[in-house]
Amino acid sequence: MTDEPLLRVSALSKFYGSRVGCDNVSFDLWPGEVLAVVGESGSGKTTLLNCLSTRLLPSSGTASYRMRDGQFRELYRMSEAERRFLMRTDWGFVHQNPADGLRMTVSAGANVGERLMAVGDRHYGKIRATAVDWLSRVEIDEDRIDDEPRAFSGGMRQRLQIARNLVTGPRLVFMDEPTGGLDVSVQARLLDLLRGLVTDLGLAAIVVTHDLAVARLLSQRMMVMKDGRVVESGLTDRVLDDPRAPYTQLLVSSILQV
Amino acid sequence: MPTPLVVSDVAKSFTMHLRDGIKLPVIAGVSFSIRAGECTVLGGPSGAGKSSILKMLYGNYAVDEGQIIVTHDDGLIDLATASPRTVLAVRRQTIGYVSQFLRTVPRVSALDVVAEPLVERGEDREIARGKARALLAQLNLPEKLWALPPATFSGGEQQRVNIARGFITEHPILLLDEPTASLDARNRDVVIELIAAKKAAGVALLGIFHDHDVREAVADRIIDVTAFAPGKIAA
Amino acid sequence: MTDIATYNFAYLDEQTKRMIRRAILKGIAIPDYQVPFASREMPMPYGWGTGGVQVTASIIGPDDVLKVIDQGADDTTNAVSIRAFFKKVANVAVTTDTASATIIQTRHRIPEHPLKTGQVLVYQVPIPEPLRFLEPRETETRKMHALEEYGLMHVKLYEDIAKHGRIATTYAYPVKVEGRYVMDPSPTPKFDNPKMHRSPALQLFGAGREKRIYAVPPFTEVVSLDFEDHPFEVQTFDQPCALCAAENVYLDEVILDDHGGHMFVCSDTDHCEKRRNAPTSPLWGGRAEGAGGGLDQSTPHSTPTPALRADPPHKEEGKEKQ
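Protein chains in written order, with the working numbering: chain A, 1 to 258; chain B, 1 to 235; chain C, 1 to 322.
I should point out that these hints are in silico values taken from the structure, not numbers from a laboratory.
Mixed in with the good hints there might be a few duds.
What the hints assert, rightly or not - Using C-beta positions, here's what the derived DEER-type ranges look like:
1. B/SER8 <-> A/MET67: 40 to 46 Å
2. A/ALA81 <-> C/ARG18: 40 to 46 Å
3. A/SER136 <-> C/ALA38: 52 to 58 Å
Said to hold, decoys possible - Think about it this way: if two alpha-carbon atoms lie no more than 25 Å apart in a straight line, the pair counts; the simulated SDA-like pairs of lysine to any residue are:
4. C/LYS26 <-> C/LYS163
5. C/LYS156 <-> A/GLY169
6. C/LYS163 <-> A/VAL106
7. C/LYS156 <-> A/THR168
8. C/LYS176 <-> A/ASP241
9. C/LYS156 <-> A/ARG68
The model shown is predicted, which means the values in this text are computed figures rather than measured ones.
Even for Gly, the Cβ is constructed at its ideal location relative to N, Cα and C.
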């Protein structure tokens, strides 16, 4: 583990006119660390995620990312070409709705292979072998490699989306409600898979979720957001077992016990 | 004898914002230290704040006041104010914890649940599994259960998985929160042996044991937690 | 031809021609960059070559000699009409001879006869955007060109191999121009792709409905995309042209009757006729052998005559209206 963070976020704010998207958010993220951002709908967690992944430009504040050469680069001063390159090589983005992150009309193999081809792989056999390997890592049978994701179940689509994102060995993955809209059994399988991949690959991840159980299982650290502001942050188990902010106490006490 | 952990003047209260912000003081003026090669036991009735102290030492509960100084990585760290990242590093290398209940993860086998802390410390997975097998065998967990996820295990079986998970590593400090609560006599004796082995290896243990026999067998020192009741400070 | 004065020279007004020439110059300056232009209404429907006609109208001068081909043939409706159009509105000389033409407007073929310096090949283009079928958003495809993000192009070729075991794209086969932009060479057969590479002729592309002009200047690198283990290859035909016995040319299938009778003949009619008329070529002898072999089961009647070439039903049938 290095002594320097992978991502440094300082006083990040995003306003939509007079409405607050997210306000004055600061944190550091280290390699291999999973940070959960929790809060209810409209709390600004998705706005924050979109700003961090440069899909949205913030109104003020900075975020710098440590590139593979060890140099920190200010994300919002990078050219669009550099940002898009980062996005398809060193970063991943797992959307809540897999259709937003997949090409639904090309085969599963091509969905996984696209990022490889985008960075210059030109050997069909090797691309396909890598796709097969990744499909098995996300527990999709090899014989589905030429099927379009349209023919996949929701859980399979989500797993395919994860494979598509991880194939280039990213160091940072953004996830927006990765288990939203899935059955609990499918959710459990996906969470376990994600947890394994994150540990094995040493990924850093920022996971936006409203599900505290997902946060507990996946993350080491947590930020609780309300009305665009971070109301509490810290170790995930500390925040969940000893919530201090009124809003966090409300959230934690609202969990349904099974 | 080295004292890897020193607690001084620690206080903890809960503020219940959902109940008009009433403040529930738990403990105050907690000061003690634990020594390597010894098992220190926190004594006192239920509700006296024994578990809260353990949880603060593990970073699981926030600390309102005071210091928790731990020797970590050849330096001293105050856990009461340490960053989350530092607390994680301390948990990985310095302080181990056997909780009362096992928090299960879907689909992960008992063997891998036990091996995980070693793997996290960089141990080879197969070597870690080997140690896990030995511990589970010592704790008399039937071998047919090893490959199954522990979610469906009985309370006693889960507890043994939990103990194995806590004892597998070589953390210099080990916190034990009623590890023997749901064990039969035979397995209680195994835990006593395990604790004795840790002491011999120079580990500083701090535990809560409601079982009188176990406490008698392992305790080198007993700290009466009622001394830290918040009222006493005021008085 | 008598009423030339009714129209401005070459039909378009001078302002429009200047606008189009500016677009062409920009296109030449940035090989394969798709330059937007204000495409005009032409006296023909979209899909019939309005882009190509506007480009030709903007570069043609009184001394030019124009050849127009449609899928290689000089004598199909579209080719004949466009040739007649320019004869009427510009009073220029027209020809079917590839070598003597200065401007060749084409739909879906590059002539077999090698082009030379000074000639201009004008392509009629239906859909200029090679990424369009994979990415429907114009804003996104422009960005992809700007940032040279062409992974998606290989996704299409990957899908071909996954489905068919080889790259099954046979026309509109994507190329990379001068190591930078990926281009759709218009729906020419991939057989013609190698002819674009370092061609001494200027190649201009006009898409009337999509309002884009792009260009490949003479002697420009044009490389067909492929995979290391599935390299680009052109189609091959296992028999020569049934009329002129030519090999290594692009052949069209001609249906002769309703009983499955068919033969394969040169798609380039000018090339085919020249070979048959040249006294030195393996003329009728070669044809008797080659054609006889190709026609054995099919034709009870006499060997096909050149008149067949003037008979366009197969051409009309094969024409995609785009």
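Evaluation of the provided hints:
Distance hint check: the CB atoms of B/SER8 and A/MET67 are about 44 Å apart, consistent with the given range 40 to 46 Å. Checked against the hint of 40 to 46 Å, the pair A/ALA81 and C/ARG18 fails, with Cβ atoms roughly 34 Å apart. The hinted window of 52 to 58 Å between A/SER136 and C/ALA38 holds, with their beta carbons roughly 54 Å apart. The hinted pair formed by C/LYS26 and C/LYS163 fails the criterion: a straight-line CA distance of about 39 Å is larger than 25 Å.
Taking the CA atoms of C/LYS156 and A/GLY169, the gap is about 23 Å. The hint holds against a cut of 25 Å. A hinted pair counts as satisfied when its Cα atoms are at most 25 Å apart, and C/LYS163 with A/VAL106 qualifies at roughly 11 Å. Distance restraint check for C/LYS156 and A/THR168: the Cα-Cα separation of roughly 19 Å lies within the 25 Å cut-off, and the hinted pair is therefore satisfied. Of the pairs offered as hints, the one joining C/LYS176 and A/ASP241 is violated, with about 59 Å between alpha carbons and a cut-off of 25 Å exceeded.
For the hint linking C/LYS156 to A/ARG68, the alpha-carbon distance of about 30 Å lies beyond 25 Å, and the restraint is violated.
Checked against the numbered hints above, the structure violates hints 2, 4, 8, 9; every other hint is satisfied.
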